[in-house]
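As you go down the protein sequences, you meet chains A and B in turn. Each residue of the first sequence is one higher than the last, beginning at 165 in my numbering. Each residue of the second sequence is one higher than the last, beginning at 18 in my numbering.
These aren't lab readings, by the way, just hints derived from the structure by calculation. Hints are supplied without guarantee of correctness; some may be wrong.
With the Cβ distance kept under 8 angstroms, some of the chain A side facing chain B (calculated, not the full set) [claimed, not checked]:
(1) 173
(2) 214
(3) 216
(4) 234
Glycine residues also receive a C-beta, built at the ideal position from the N, C-alpha and C atoms.
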Amino acid sequence: MKNAHEKAMALVDGQLAPADVPDLVEELARSPALVAELQGYLATAGRRIAEPFEAKGSEPPPAWLVDAVLRAPATGGAPSGPIAWRARGLLQRLKQRYAVPAWSLAAGPALAAVLVALGAWLAMPQPGRGGLAEEASLGLALERTESGKDAQVVALRPVLSFRSKDSTWCRQFELRYAAKQASHALACRSDSGRWNVVAATPPAALATRPAGSEPRKAIDERVTAIMGDQPLSRSDETAMIGKGWSRL
Amino acid sequence: MKDEIRERMVAILPRLRRFAYALTGNAEQGDDLVQDACLRALSRIDQWQPGTRLDSWMYRIAQNIWFDRVRANRVRGEVVDIEVAEAIAGSDGRVVAESELTLQAVVAALGRLPAEQRAVVALVCVEGASYQEAADITGVPIGTVMSRLARARRALNAALNQPELTRNGKLARKTGS
Numbered sequence: 165m166k167n168a169h170e171k172a173m174a175l176v177d178g179q180l181a182p183a184d185v186p187d188l189v190e191e192l193a194r195s196p197a198l199v200a201e202l203q204g205y206l207a208t209a210g211r212r213i214a215e216p217f218e219a220k221g222s223e224p225p226p227a228w229l230v231d232a233v234l235r236a237p238a239t240g241g242a243p244s245g246p247i248a249w250r251a252r253g254l255l256q257r258l259k260q261r262y263a264v265p266a267w268s269l270a271a272g273p274a275l276a277a278v279l280v281a282l283g284a285w286l287a288m289p290q291p292g293r294g295g296l297a298e299e300a301s302l303g304l305a306l307e308r309t310e311s312g313k314d315a316q317v318v319a320l321r322p323v324l325s326f327r328s329k330d331s332t333w334c335r336q337f338e339l340r341y342a343a344k345q346a347s348h349a350l351a352c353r354s355d356s357g358r359w360n361v362v363a364a365t366p367p368a369a370l371a372t373r374p375a376g377s378e379p380r381k382a383i384d385e386r387v388t389a390i391m392g393d394q395p396l397s398r399s400d401e402t403a404m405i406g407k408g409w410s411r412l
Numbered sequence: 018m019k020d021e022i023r024e025r026m027v028a029i030l031p032r033l034r035r036f037a038y039a040l041t042g043n044a045e046q047g048d049d050l051v052q053d054a055c056l057r058a059l060s061r062i063d064q065w066q067p068g069t070r071l072d073s074w075m076y077r078i079a080q081n082i083w084f085d086r087v088r089a090n091r092v093r094g095e096v097v098d099i100e101v102a103e104a105i106a107g108s109d110g111r112v113v114a115e116s117e118l119t120l121q122a123v124v125a126a127l128g129r130l131p132a133e134q135r136a137v138v139a140l141v142c143v144e145g146a147s148y149q150e151a152a153d154i155t156g157v158p159i160g161t162v163m164s165r166l167a168r169a170r171r172a173l174n175a176a177l178n179q180p181e182l183t184r185n186g187k188l189a190r191k192t193g194s
C-alpha cells in the first residue's frame, strides 16, 4: 500500500498486510481526518453493501439458465434460452443484418409480439443454420415495437405432439404473455429440421382460451385435419425430443 | 467442449448472478446479463486458458458486456431501471420504509455510481474479490481499483446517509402537529 488512505481502506476490506497494521495505527493516532475517513469506509463495508445481494448468490439458478449453459452451442451457433431472451437477441441481430421492409400492416402490436415469439421459436438451435430467413418475419415486430420495449411473451408451452398424415412431426403450442393473454399455434417440422408455423391465432385473454373456444378452436380443427397418428404419449414425446425429432 | 467446463460454469452461476444483480440493480436484467455472459463464454471457450480461473474470466466477460450496454444506453438516452426507480421513490408512494431502506437504498446508491466504480464495488464489496483479483478482472492497475473504490465508497456513504426520499424524489418533510 502506498499511503495511509489506501491502508485504511484495505483494513476495512480485510486486505491490509499484517506488517502494515502498526504503521496505520500510528497514522490514525496522529490524524483525526484519517479516523473520519476510516469511519466513512466502515460505513460502506462488510454486509451493508453485500447483504442486499446475498440472497441472489445463495439461491439456485433458474432451470432455463442452467439449461442454457449445459446445452448452448460452444462454437458461436444459435443462442438458446428463454423465449423472451431469444426474441430480444433476434431483434438485435435483425436490426444489424436487415433493412426491414416497410410492410403494410393491419395487425396490432399484440400480433407483433406473437411474431417475435414465433420467430424466436423457429430460430431455436438447429444445426447448420442461422434462422435468418425466419428472422425476417420479425420485421413486423420491428414495425410496431418501440426501442427499449420488450415483447410481452413470457412462455411457450407445447400442448400436443403428433405425426401428420404426410409423416412430418407437428406440435400444437400456446404462447403466453405477461398481460394474461395467450395465442395458440401449430407448427410442423420439415426434413431439414426447421419448424414451420402452420397456423397461429392473435393473442386473446386467458379467460377465453379453453379448448373448443375461439380462437383455439381454429387450431384444434387444423390439428384434427392433418393428424395422421394418435398424439404422442408423454414418454414417446420425451424420446422424440431426445432423438431430435428424427424420423422413426 | 468438455462437459466438465459447463458443469463448472453452472457451479459459478450463483455468484455470477449476484455479481450481475449488483451491476445492473435489477434481477431480471442481471439474469439476462448472466446468460449473455455464459453464451459468449461458451462461444469463445477456446480463449479460456486451462489452469486460470474460470470464474474470473466469466466475471470479466459479464462486466464487458455490461459496459457495452451502459455505453449503448448513453447513446440512446438514459434508461432508468424500474427497481432502481422504485428504490429511489418508494414503490407504493410512501416514504421508503425503514425496513426496506437498506436493500433499496444500496441498490439505488449503486445505480448512481459510474459504471467503472460500480464494477469495482460489486467485485470487492459484494463478491469479496481481492484488490488484485479485481484488477485482473477489470483490466486496470491495482491502484486504479483502489482509487475507484475509494471514490465509490465516498459517494455511497453520502447517499446512504442522506435523508429519506419521497416518491417524487424530494426530501421528506416533517409535518409536525
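Cross-check of the supplied hints:
no.: 1; hint: 173; in the structure: holds, 6 angstroms
no.: 2; hint: 214; in the structure: holds, 5 angstroms
no.: 3; hint: 216; in the structure: holds, 4 angstroms
no.: 4; hint: 234; in the structure: holds, 5 angstroms
In summary, this structure violates none of the numbered hints.
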